[in-house]
Amino acid sequence: MNFAAISTEIFILCLGLFAIVMDLVLPEQESRKSIGGVLIFSLTGWFLYMFTLYNGQLDPMDPAAMAALADRFFYQGLYLVDNYALFFKQMFILATVLTLLFAADYVQSVLRYRGEFYALLMTALLGMCVLASATDFLTMFIGLELMTISFYILTGARMNSKDSSEAAVKYLIIGSVSTAVMLYGISLVYGATGSIQFFEVCRSPHLFFPLGIAGITMVLIGFFFKLSVIPFHMWAPDVYQGAPTPITAMLAMGSKAAGIAAMMRALFVAFPMLGIYWLPMLSVLCAACMIFGNIMAMRQRDVKRMLAYSSIAQAGYMLVGIIAADPAGMKAVMFYATLYVFANAGAFAVLSVVEAQKGSTSYRHMAGLAQSAPVLAAVMTISLLSMAGIPPTAGFAGKLYLFTAVVDQGYLWLAFVGFVMSMISVYYYLLVAKAMYLGAWDGSSLAVSGSTRAAVVLSVLATLLVGVWPEGLAELTNLAASTFLQ
Amino acid sequence: MTIGLTHYLLLAAVLFAIGMFGVLSKRNIIAVLMGIELMLNAVNINLIAFNRYLPVHDLSGQLMALFAIAVGVAEVAVGIALAFRIYHDRSTINVDELNRMKG
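Those protein sequence lines, which keep their order, are chains A and B. Reminder that position 33 of the first sequence reads as 32 in numbering that gives the first Met the number 0, one-by-one numbering, no gaps. Reminder that position 44 of the second sequence reads as 43 in numbering that gives the first Met the number 0, one-by-one numbering, no gaps.
Worth flagging that the hints you see were computed from the coordinates, not collected in a lab. Even for Gly, the Cβ is constructed at its ideal location relative to N, Cα and C. Check each hint, because a few of them may be wrong.
[To be verified] List of simulated lysine-lysine pairs, DSS-like, C-alpha gap at most 25 Å:
{"no.": "1", "chain 1": "A", "residue 1": "Lys357", "chain 2": "A", "residue 2": "Lys433"}
{"no.": "2", "chain 1": "B", "residue 1": "Lys25", "chain 2": "A", "residue 2": "Lys357"}
{"no.": "3", "chain 1": "A", "residue 1": "Lys357", "chain 2": "A", "residue 2": "Lys161"}
{"no.": "4", "chain 1": "B", "residue 1": "Lys101", "chain 2": "A", "residue 2": "Lys161"}
{"no.": "5", "chain 1": "B", "residue 1": "Lys101", "chain 2": "B", "residue 2": "Lys25"}
{"no.": "6", "chain 1": "A", "residue 1": "Lys433", "chain 2": "B", "residue 2": "Lys25"}
{"no.": "7", "chain 1": "B", "residue 1": "Lys25", "chain 2": "A", "residue 2": "Lys161"}
{"no.": "8", "chain 1": "A", "residue 1": "Lys32", "chain 2": "A", "residue 2": "Lys433"}
[Claimed, not checked] Residues on chain B that point at chain A, a partial pick, calculated with CB under 10 Å:
{"no.": "9", "residue": "Gly3"}
{"no.": "10", "residue": "Asn45"}
{"no.": "11", "residue": "Asp57"}
{"no.": "12", "residue": "His87"}
{"no.": "13", "residue": "Arg89"}
Pulled out of the complex, with its shape left as it was, chain B reads as follows (with noise of 0.2 Å):
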């Protein structure tokens, strides 16, 4: 069996699903942020199998990836700079204890 761009793309919306799965299930910031990381990295893989395997003139898929993976890390980082404001404020990151404003 010879692997194709079916294959890469079920890899990918697997991870993503397992990547929304963890932000909707885990009570820890840092979990989230991994879920959350796991999203992208699906849509990486997904840009760079389409890339490959489409009859595309250009790499604008492999660039795009490229952006990505930037804007990820910039998000995860400050995604962490909260969790550490929220640990300094309430002693806790856990995201079921954020809920101080309702209605």
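Chain A on its own, in the form it takes in the complex (with noise of 0.2 Å):
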């Protein structure tokens, strides 16, 4: 048993129970932003932390090295904490702070239940971390379902309002079913091969008799369901108009990237010899996601809807490197998903600004945005920019990336269905920037908050940076991706 294999999983849930205590403890008039701001520093100190935790390629033929590998597994191969995981646990933390920077003021302001707030993120964010290390189906249902529920509690926290209630239904009974198949699903694979490993499952000769198959398309299944993969996306549009906007924020940060994460391993892992049999369904799967998800984000009246339709999109392009199904092809997706947390970090955080002050996030509460808080239409406009993927953003880099990795697999196609419907992405988000600049300005002016304003300026510098200089992230990216599977 190395405990060190899962202290940030440790450190994490340390930090939710201190939340707990410190709302039980503080007066009932005190505000609850210093809690915040505790979860902030020690989850940006052990951000950094982490980056001292990666290791380089290691050699199979060194003893050494070799002992080095085992001793990031925990408790007999349940749990695997390497460079790939580290990446994406730190991408989750990351998310984390900038959605508590700039949710201090909307948590104050709009919401009943503040300390519970903080409590829950953080064990949605250990529930994504224990995802991201999963090598098992138990581990990673009990990360799932970690996630899962915190987020159909977060959803309804805003008790004053009817949509967030109905969200929070709508999304418990549909992620409820989709558990419930996934799970079957796992039953159905572990019939067939006799284990729940990953390393195991992918060992066994009958995983190719149609009980693993059904098996693996009903985990397939759930994992759509959780990424809002069209035709089992019905539930993302209620669930991220409802929802608080920090957490619609989280939603499509962190949730999204989780599910890739566990998703990618349970493909690469355990599935990988049946290929050929999910790979076809994949990309019809991301070509329709592509379509559908730009098409219907045009219909759109409120900003948080059309930013899930949007959504919905940015799966689909996160699909393209899976399909890849090669390190470039992941290493793409990393670093796609990572500039996605700085696009949303923007783009939530003005709109929960707005919500916070205006009431809503239709576009026409966006009007005149350019002259009530012209700093926070700038944000916007480039976070936008970022998601559909106009250089020099790091949207562009991303989609690069991805695109390239996939036309070397010779799904040409499949490149040129996301290139076009990007182009016509650009259409709907600048529809936003035109109510911002363009609209009638009502002559209020927008209070921004010292947290609110760094949650912004940092999650735009580094969208910038990103774009004009991938190669630090891409290195990064390269490592995980390449050491993967050692």
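With the hints as a guide, dock the two chains, each given alone in a separate frame, to form the complex.
Set out below in structure tokens:
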């Protein structure tokens, strides 16, 4: 039992417990911003520390290196902390820190149960970290449920809004059904192969039997629900619209990336032999996501709902990298997921300010934002352009990596669909910019606090920095992708 | 006739289908949650039957079933709390009336 392997998870759990205790200890009228501050500082510290945990290419002939590799497993192969897991965990922590930065005012002004918000956000983060490390269906299932059950509660956290409770119930019902389907699939895979560990499942010849194929299909359907891949996407727009804005941000940045992380590991470690079976299915769904996500996004009147459909399209872009099924594609997915965190953090930080102070995030309420809060309007525009993939923002570099990876594998048509659809997406992203810059200003001005300002400036700087200098992030993702499966 | 693995699997499949039908056809949130519970319990029967009848060397199936029970309880607890809140908001727990958001 090497507890150092799960130090990140222990640390996050302690932070969550700390938030609960502090919420009880602090007097009722006291602001809960201090809890958020402590969480931000500790998570940032841990984020920086995690850079020291990466290790380079290991030589399989060197016994010392192999001993080091065995050290990264926890509890008999249930849990693996490799570079891939470390990278995703760092990304989740980064997303949480940015969310905490801009959530402080929103939580204070909109939510009734403030301490619980911080505690549940930590348990959701814990679930994501468990997902990134899971090498066993049991661990994966627990991580997934820890994350989604926390999100069910957080989605319903706006006590004075009927939309919020409606979104939470929809999310809960559809999420639980997808969990049940996935569990049924896991039980069939267990029946076919006699094991629930990824490495054992991969070795079993019985996986090719109809029982195993049916199991894999159901496991994949469960993942598609979590990733809101078309045709399993119907919950996403309502949940994104009804949830408190910081939680919508976490759903788009964290929950989706965690699903991608677990799905890539399951596909590449447990089911790689069946690539001929799942690759064509995945490529059709991926194209459907890119096409319908972008087309539906055009018709929306609410920016949060528009971003929900846009996130369906983004899930399609990330699937492109999975379809490439090689280290280059995997690297592209990780790169894209990271810059998607920055773009979303910027966009949702702006939306949370607008929602907290104007009460809604429809296009009408965005009008004149360039006059009432010029910084926010600029941040929103840059973030949306990054999602559309316009240079010099990071989105361009991300899409370049994704599409070159998939073209190298011979899927030219998929890259073509992705390219055309990202051109179309510019239209509805610019509709928001049009409302902000050309819409009528009602003379009001928005108050932007220091922490929100920090969040938006950080995310925009990161978006532009990765856009003009992608090498740093690209090297890290390369390392994580090339040391996968050693 | 002896009861074998096939019977358990059939029972689980039927339970799963009934649960799925309940989720899709019932209009009351509590009834929908009961359908979800049936689906999760079908999985448990599957896991334990496989563990009992297949030549596997460990008890991971039963272990998984235990975890699935715990997680299912957590899910239903949150579900009932949310049903309570929906009732508080609109004095009904009919899922057809959850239609404020569209598009």
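Hints, verified against the model:
no.	hint	result
1	A/Lys357 - A/Lys433	holds, 19 Å
2	B/Lys25 - A/Lys357	violated, 38 Å
3	A/Lys357 - A/Lys161	holds, 17 Å
4	B/Lys101 - A/Lys161	holds, 14 Å
5	B/Lys101 - B/Lys25	holds, 21 Å
6	A/Lys433 - B/Lys25	violated, 44 Å
7	B/Lys25 - A/Lys161	holds, 22 Å
8	A/Lys32 - A/Lys433	violated, 34 Å
9	Gly3	violated, 13 Å
10	Asn45	holds, 4 Å
11	Asp57	holds, 8 Å
12	His87	holds, 8 Å
13	Arg89	holds, 7 Å
Going down the numbered hints, you'll see the structure goes against 2, 6, 8 and 9, while the others check out.
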